[in-house]
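Novice: Once you've looked at the hints, go ahead and assemble the two chains, each given alone in its own frame, into the complex.
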Amino acid sequence: MTTVAAPAVTAAPATGRRPSAARGRVTVNVVMVAMILYFLLPFWWLVVAATKGNDALFSTAALWFHSPGSFFTNLQQLFTYNDGEYLRWMGNTAIYAGVSGVGATAVATLAGYAFAKYRFPGRNLLFSSLLGAIMVPATALAIPTYLLLSKVALTNTMWAVILPQLLNPFGVYLVRVYVQESLPDELLEAARMDGAGELRVLWSVALPTLKPALVTVLLFSMVGTWNNFFLPLVMLNNDKLFPLTVGLQSWYEGAMIQSGANALFTLVIAGSLVAILPLIVTFLLLQRYWRGGLTVGSLK
Amino acid sequence: MSLLRQQGSTATAPPSAVPARGLRTPVTGRRPGGLSARTRHKGMGLLLVSPFLLLFLAFLVAPLCYAFWLSLRTSTLVGGDHFSWFANYQQTFTDPQFLSGVRRVVVFGVVQIPLMLGLALLGALIIDEVTSRLAKVFRMTLFMPYAVPAVIGALMWGFLYSPTFGPVNSISHSLGLGKVDLLSHALMLTSLGNIVTWQWTGYNMIVLYAALQGLPREVYEAAKLDGAGQLQTALRIKIPMISSAMVLALMFTIIGTLQFFTEPRVLEHSASSVITPDYTPNLYAYNLAFQYSEFNYSAAISFSLGAVVFIGSYFFLFATRKRSGLK
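Protein chains in written order, with the working numbering: chain A, 1 to 300; chain B, 1001 to 1327.
Any given hint could turn out to be false.
To be verified - Each computed DMTMM-like pair below joins lysine to aspartate or glutamate, with the alpha-carbon atoms no more than 25 Å apart:
1) K1042(B) x D55(A)
2) K211(A) x D239(A)
3) K1224(B) x D1095(B)
4) K1224(B) x E189(A)
5) K1042(B) x D194(A)
6) K240(A) x E1268(B)
7) K1042(B) x E189(A)
8) K1136(B) x E181(A)
9) K1224(B) x E1129(B)
10) K1179(B) x E181(A)
Said to hold, decoys possible - Simulated restraints, written as ranges between beta carbons of each label pair:
11) S129(A) x D1226(B): 45 to 53 Å
12) L277(A) x R1133(B): 30 to 38 Å
13) P1277(B) x A22(A): 34 to 42 Å
14) R1217(B) x Q287(A): 16 to 24 Å
Treat the hints as calculated values from the structure; they're not laboratory data.
Note that CB positions come from ideal geometry on N, CA and C, so glycine has one too.
Okay, chain B solo, but in the shape it has when bound (with noise of 0.2 Å):
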């Protein structure tokens, strides 16, 4: 896979670092005469992409146009089903549930992502340093929970958390802690945070890790001979040389934020009273879906959620333009 390891560093690294196949030859150098490919089968590049195109226009352009539109509508068991504008999205940025949800996940993103990414920051500058057998099996565990459905991950920890039979309830009262109800109305975003932490440090760490990797070796031993310590090497010269991954680390991280569900769905059987059907907005609109038929105004939030996350992506990805380096 070095070819694709190449990629971040070819700004950085010297050209002999660029995996040649022996025909590699600057990409200006064309074929003195002869018509490029680009521009002689225009017809077969359209053919290769069409199945892409057309899986593109059925599950991605019609959903969202369809969402779109069902979310202009507006049915009732007595007005039947007419065109209302914006009534429904009118709605959802007024509705209480829909409103405590974003504050909940929110607050979730705000105190759980950069608790996660910190630990995953740490965990690569680990093993980018150092090589023992430990680490190796650091990096194997660590990464472990990621093949992990996070149905399974949320099944797993809602057994650990009961307090009926799980072990933290026995722990915290031999420590003298007593009763301790991680599934209660105070613990439970922690609970869930401790899930998702679980689930996600491990494959940050590794998309870090491999950023860091990709680094020239060149500058730490300029760095070394200039006295810097392991540490200051990590801090003034790894972790601004990375910041183009943590950048899209922290942003593919909000994006699934929002979008939070598995998790408090497997939970909500353990714990009905504290996760309520709003407790995410995306929970919120399966619900009413899915229990109350609402369709229209769950394709209202199912649009505002994904326009934000689309948006404010977007906009994230040009402010951070020079760092991510997606073009």
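This is chain A alone, in the form it adopts within the complex (with noise of 0.2 Å):
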């Protein structure tokens, strides 16, 4: 790990602080406001825009509300356009989500543990080339993936979307170090004492103790399919298998193809705003599994 000096601190003069404190204070302070009002600006922009109907979103201030609200109709014709695509593509995305999530969690948990806790043959050059792994982007890899996948006739298939998110190297990692950090030998030693076989040790003992981790790995892989796009937008072909982020894509799309008066501005809209809150609910209620994960990623 790193070892970095404390740096020689010069004394400063100590007389004259509380003013200037005081002065830091309400700077810091305008800072925060302004900041904060700058990143709320799209969700406020979203929130209002979601309420106005389509003559309404172009013809009226963009940043405040405009009665006769339409938030319910827009919802209505979100949910039933072109017999209910939305609501398909939040299934799918769900199913994406869930599925691969679930499924790169088992996997990175599985191998995390045994990187921390068995030899095996080929194990230290697996885990420099898990290393290597994390650093290859994963756009240069969908498009070869795909010619390979239609090779096997997978293309366009859930599958498609859900199997090369299985591999999530950084969630290995991460299982490793913390497998490491808070799973003595000498716990496992002891099951094994009383008799318990390898799995019986994995299963009853690491497990529990590496809830936290698995939720982490769990969260993080969730959000990462759920807000892919690059990859489905290269796999799929077919809209009834779209997740909503290439579903929403598409109708912005047909939108700005036929520009202007256009109903599937507001459906895009209302779909946005539909789309993001399950994320920031979640991410507001597991905030502490998240900054777990992240400091993990910034600091080893």
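Specialist: Set out below in structure tokens:
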């Protein structure tokens, strides 16, 4: 690990610090408020725009509500447009994120645990290539993966989106670090002394201890899949299989092509709002987990 | 998550800061006489790692090899499919479309990355120091865009930029600035940079904040006793001590920037004359494959891009190995 020597601090005159500290606090608060406003702007716009009908969207001030609102009409249109394809996309996204997330977490847990607690041939080689894999850009892999999967007729199926995302090298890395830090060999040995088999040790001793790490990996893989755009865009042609990201983009594309007075605009807006709400709620509720994951990401 | 948090600080924190589960003994404390599990169960380790190994081979090694193989071939209507060695790569590195995309992404990165990481660092230092309710709201608000899919982020900003009904134009009009077209040729990179900054500042802020939280508090106390103000503590102690986290954040940002795709792809629909099919290298590779069916050439571009990112990050990590702490 890093050992950074604390640099010497030159003594500052202690006098006259009070007023400057107060001024500093005001400055900091102003900076915070300004940044909050900037980062909230698109969200605010989205909420306002989602309450407007198509006419009002184009003719009224963009950042303030217009009455009569048509929020519920928009929602109703959103869920019924084109035989309710939005709901289908939402379901697809949930399937992709759920299956990929749970699968990737399971694979990463087994592998991370094995890297930390077992010796096997090729372990070091595999682990260093895993570190390299974290740095291979996913988008460089998507097109060749598409070509390979098309040879086995898997493109344009749900598997094409799910299978590649089961590979999560960073998750493996995270689990390994966590196992090394929090699961002493003695604990496993004790269980073995008591006659537990290797799988039993993993299931009843290791897994309960690793729960926080697993939630973190699950959260990151699910969000990664939920937000993924390039892979499904490359893999899927059939709009019945689209996830929300690709679906919304196709609506936006359609709205732009027909430009102007097009009901698709209100759908894209309402659809964006509905799509991000569950994510934001999840993130707010599971704060401590993603923070843990980010810490490992930043420091190791 | 305190166990993970401790990771970075083990070198500097006292040993008691590592949350033990009661059973923690020194690593060298092997059970006398007992064989370690590490040596006993070779087969078990291999078995546990095998699902990962399979996926690794199928979705990382195989596509990379396949892309490389494809990139060494040329397929034409007349000549058929044949081996052409590095002709595609020769074409790649002399292709003005590819090179202009690379140049664009580099210019973009040189301006946007320091700006964004600077903002993230500022935010991280603020929330590390200030514990008010405002600071809490600040932290949550800045992180929120990370939960938004990049497509939706780009869609929202695309609407906001829109010359027909976006607020930006009406605001600049009421300020007497005249018409500003944020989707024009001149401003597109700035507009894209704004989207990326909006989306990723909070994430990087939390990464840096987590690193700051892992620092031992005693150092600050010592600095305070020596008469250092908050600003001085931040500049001379905190920032140097989280340099490893900053190096990694920088590296991952550069990797992301080189893959720039989603935002230009979404804005392409509202500014098709500005965002050409070769706007970024990745967009170019995508369009070559799916618009023009030039799979061989596209593979060469994908592979070059991947190789540049990969080799670049390895050298970067190697050069900064001491700081990054990545083992």
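Novice: Does each hint hold? Answer for all of them.
Specialist: Hints, verified against the model:
1. Note on K1042(B) and D55(A): the hinted pairing is violated, with a Cα-Cα distance of about 68 Å set against a maximum of 25 Å.
2. With a C-alpha separation of about 37 Å, the suggested pair K211(A) and D239(A) falls outside the 25 Å cut-off, and the hint is violated.
3. A threshold of 25 Å between alpha carbons decides the hint, and for K1224(B) with D1095(B) the separation of about 58 Å lies outside it, so the pair is violated.
4. Distance hint between K1224(B) and E189(A) is unfulfilled; the C-alpha atoms sit about 47 Å from each other, more than 25 Å.
5. At roughly 21 Å between alpha-carbon atoms, K1042(B) and D194(A) fall within 25 Å of each other, so this suggested pair holds.
6. A threshold of 25 Å between alpha carbons decides the hint, and for K240(A) with E1268(B) the separation of about 24 Å falls inside it, so the pair holds.
7. A distance of roughly 16 Å separates the Cα atoms of K1042(B) and E189(A); the hinted pair therefore holds under the 25 Å criterion.
8. Pair hint K1136(B) plus E181(A) does not hold up; C-alpha atoms about 29 Å apart against a cutoff of 25 Å.
9. Annotation: proposed proximity of K1224(B) to E1129(B) holds, straight-line Cα distance about 13 Å (limit 25 Å).
10. At roughly 58 Å between alpha-carbon atoms, K1179(B) and E181(A) are farther apart than 25 Å, so this suggested pair is violated.
11. At roughly 47 Å, the beta carbons of S129(A) and D1226(B) sit within the given window of 45 to 53 Å.
12. The supplied range of 30 to 38 Å is broken by L277(A) and R1133(B), whose beta-carbon atoms lie about 24 Å from each other.
13. Separated by about 56 Å at the C-beta atoms, P1277(B) and A22(A) break the suggested range of 34 to 42 Å.
14. Under the hint 16 to 24 Å, the C-beta atoms of R1217(B) and Q287(A), about 22 Å apart, fit the expected range.
Checked against the numbered hints listed earlier, the structure breaks hints 1, 2, 3, 4, 8, 10, 12 and 13; every other hint is satisfied.
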